[in-house]
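**Student:** Sequence:
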Amino acid sequence: MTPYTLKPSLILIILVPIVGILSVIPYTGALYGDFVRDDVYLIRDNTHLDNPDYLETIWLKDFFSLSDGLRSYYWRPLVQLSMWIDYKIFGRDPFGFHLTNLILFGLMVSLMVLFFLDAFHLLIPSCINDPGNHSLPGDPSIRISAGAAFAALLFAWHPLRAETVCWISGRTDIMLLLFGIGSLIAFGRSIPFNGRSRSSLLFLSVILLSMALLSKESAILFPVFALIIYNRPMRRHCISSAWYGLPVLLWAISRHFAIGYKHWFIRTTDPVFIPVGAGRAFFHYVYLHLWPVGLSSEPWFPLPQTYFDGRALTGLALAALLFIAFFMRRTIITSGALWMLIGLAPFLHILPLAERAADRYTVLASPGFSMVLIGVVMMPRKWLLRVIGFVLLGILAAGWGIGANHLSATWLTDQDIMLRSALFGQSPQALFYLGDKAFTERDYKSAAASYAQALERADTPSVVAYYHLALAEIELTRLDDATRHLRLALELEPDHRLAGLLLGELLMRRGLFDESLRVMESQAARHPDNPVPHMVMGTIYTDFLGQPEKARHSFNEALKRDTQNIHEAFIRHELNKLSSR
Numbered sequence: 001m002t003p004y005t006l007k008p009s010l011i012l013i014i015l016v017p018i019v020g021i022l023s024v025i026p027y028t029g030a031l032y033g034d035f036v037r038d039d040v041y042l043i044r045d046n047t048h049l050d051n052p053d054y055l056e057t058i059w060l061k062d063f064f065s066l067s068d069g070l071r072s073y074y075w076r077p078l079v080q081l082s083m084w085i086d087y088k089i090f091g092r093d094p095f096g097f098h099l100t101n102l103i104l105f106g107l108m109v110s111l112m113v114l115f116f117l118d119a120f121h122l123l124i125p126s127c128i129n130d131p132g133n134h135s136l137p138g139d140p141s142i143r144i145s146a147g148a149a150f151a152a153l154l155f156a157w158h159p160l161r162a163e164t165v166c167w168i169s170g171r172t173d174i175m176l177l178l179f180g181i182g183s184l185i186a187f188g189r190s191i192p193f194n195g196r197s198r199s200s201l202l203f204l205s206v207i208l209l210s211m212a213l214l215s216k217e218s219a220i221l222f223p224v225f226a227l228i229i230y231n232r233p234m235r236r237h238c239i240s241s242a243w244y245g246l247p248v249l250l251w252a253i254s255r256h257f258a259i260g261y262k263h264w265f266i267r268t269t270d271p272v273f274i275p276v277g278a279g280r281a282f283f284h285y286v287y288l289h290l291w292p293v294g295l296s297s298e299p300w301f302p303l304p305q306t307y308f309d310g311r312a313l314t315g316l317a318l319a320a321l322l323f324i325a326f327f328m329r330r331t332i333i334t335s336g337a338l339w340m341l342i343g344l345a346p347f348l349h350i351l352p353l354a355e356r357a358a359d360r361y362t363v364l365a366s367p368g369f370s371m372v373l374i375g376v377v378m379m380p381r382k383w384l385l386r387v388i389g390f391v392l393l394g395i396l397a398a399g400w401g402i403g404a405n406h407l408s409a410t411w412l413t414d415q416d417i418m419l420r421s422a423l424f425g426q427s428p429q430a431l432f433y434l435g436d437k438a439f440t441e442r443d444y445k446s447a448a449a450s451y452a453q454a455l456e457r458a459d460t461p462s463v464v465a466y467y468h469l470a471l472a473e474i475e476l477t478r479l480d481d482a483t484r485h486l487r488l489a490l491e492l493e494p495d496h497r498l499a500g501l502l503l504g505e506l507l508m509r510r511g512l513f514d515e516s517l518r519v520m521e522s523q524a525a526r527h528p529d530n531p532v533p534h535m536v537m538g539t540i541y542t543d544f545l546g547q548p549e550k551a552r553h554s555f556n557e558a559l560k561r562d563t564q565n566i567h568e569a570f571i572r573h574e575l576n577k578l579s580s581r
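If you're matching positions, the sequence shown starts at 1 in our numbering and goes up one per residue.
There could be a bad hint or two in this list.
What the hints assert, rightly or not - Restricting the straight-line Cα-Cα distance to at most 35 Å, the calculated cross-link-like pairs of lysine-lysine (DSBU-like) are:
1. Lys550 - Lys577
2. Lys61 - Lys88
3. Lys560 - Lys550
4. Lys560 - Lys577
Said to hold, decoys possible - Computed spacing ranges between beta-carbons, pair by pair:
5. Leu419 - Leu227: 42 to 48 Å
6. Leu545 - Arg37: 27 to 33 Å
7. Leu578 - Arg37: 33 to 39 Å
Hints in this document: simulated from the structure, not taken from any laboratory. Values in this document were obtained by computation on a predicted structure and should not be read as measured data. From the three backbone atoms N, C-alpha and C, an ideal C-beta is built for every residue, glycine too.
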């Protein structure tokens, strides 16, 4: 059976823009947000935006290499082009960039209404000839139109969208879906036609898919999504289907030429556990959709260490059942569930990263979740049950919209993001923020516990966490532990200025003068402009070792550096004491 081709109608002219406008309402507060996280590197501090050859270099450079020298092996020139256009119009005012995000998101949700209309007409073919359908000729049925509108709003108003819409750098996901969904619509509508009409729509789908690939790498999944939705028609039109997959091959070759072949993400876990971890993550993401409470920019959950982890096995079993159910009977529910599983595929193998369950990773999977909900509501044959179902979906969508609006307020500044993560309190980052909060409140015991737990949960040791843990332990007079953690910090990063100075002073307080001198000599060599190591060495020679000549030499060396007024006063006072002896 070929997809139902929607003709221009009054219901579409009204429905599509209304849903697009409604979709952005919960996020309008983001217009007053600042540049946060990656926005700082990509926009605010990106001096390359002023280069006259910027538009040429973005096609041959890593996504982050044009900001501060980072290397990610992401190739997203279309997103960089959109940011450059914003920069030329709005300068470095974040308002304009947020406005663009909202406009792109509204357009994307509008297209999603059209896609759901096509998909539902194909997956529920009986509705076209439904005796109870009283729509005008050429109009989609009221039931399918309502389902498409609700599915789009359920996607748009889910609190998981807050990060994508309110974070300027989340534009990668918006553009990914904007062009990807557009390509699916064009491809699906090309199948019933022949000759020039098919060629034109197929060409449009190829162009849009190429634009999606140039926005984010996970666009390689859209040919798979097409296979899920248009399975039967694609089997009868193999040549058209092959053309739709061509952009992925061309993108892979172009990406290799531009930035080289590298893994998208860093893997630090045993590959044997990736399938188990993927099942565990899938279970976690499903839970996030059903119960979006306590969302964080960097959530966290423990990795399975064995194939007998109960939640991991449950996730794998669910995945296997989805494939079986889909191939046995293609419905909105089975197609949507399989879409959700496939949509998570690019992110399920990056579990070792601290941001292993970030909210933004659900964007590609969430249209499948909306399809499942609509499928459940449309399942009853009695119209009254369907009406009740749509009313309940309306209440759910409104509740999610309120939650999304509340969550958007926590994306205005980096400080807001940190505070929300601290409240969530599960990821290493969140635990670190909790430690900072407790330290500020002088609850040093809780601060030390939070820092220590953050280090335990982190996949790699953190110099900053070791340093802050040592600060809390000093306040608790746990000097042995503080010394050990400062030594670990310097092993990871010998040039860490604050850790080196604190360790030298702590060793001095503990009477370990020889080691303190060695540490301070090392810090003086690594940071030749810093007077503090020479001041500490002068204090040790004066107060503890009774070596005035070495003390005088150290204090004079400190004076040669760029000292602050308080440092200079202290140094001259010590030199006067030495002179009076």
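**Student:** Against each hint, give a clear statement of whether it holds in the structure.
**Tutor:** These are the hints, each one checked on the structure:
1. Lys550 - Lys577: This hinted pair holds, its Cα atoms lying about 14 Å apart.
2. Lys61 - Lys88: holds, 20 Å
3. Lys560 - Lys550: It holds: about 16 Å lies between the C-alpha atoms, which stays within 35 Å.
4. Lys560 - Lys577: Holds, at about 19 Å.
5. Leu419 - Leu227: 42 to 48 Å: About 43 Å separates the Cβ atoms of Leu419 and Leu227, which means 42 to 48 Å holds.
6. Leu545 - Arg37: 27 to 33 Å: 48 Å Cβ-Cβ, so the 27 to 33 Å window is violated.
7. Leu578 - Arg37: 33 to 39 Å: violated, 50 Å
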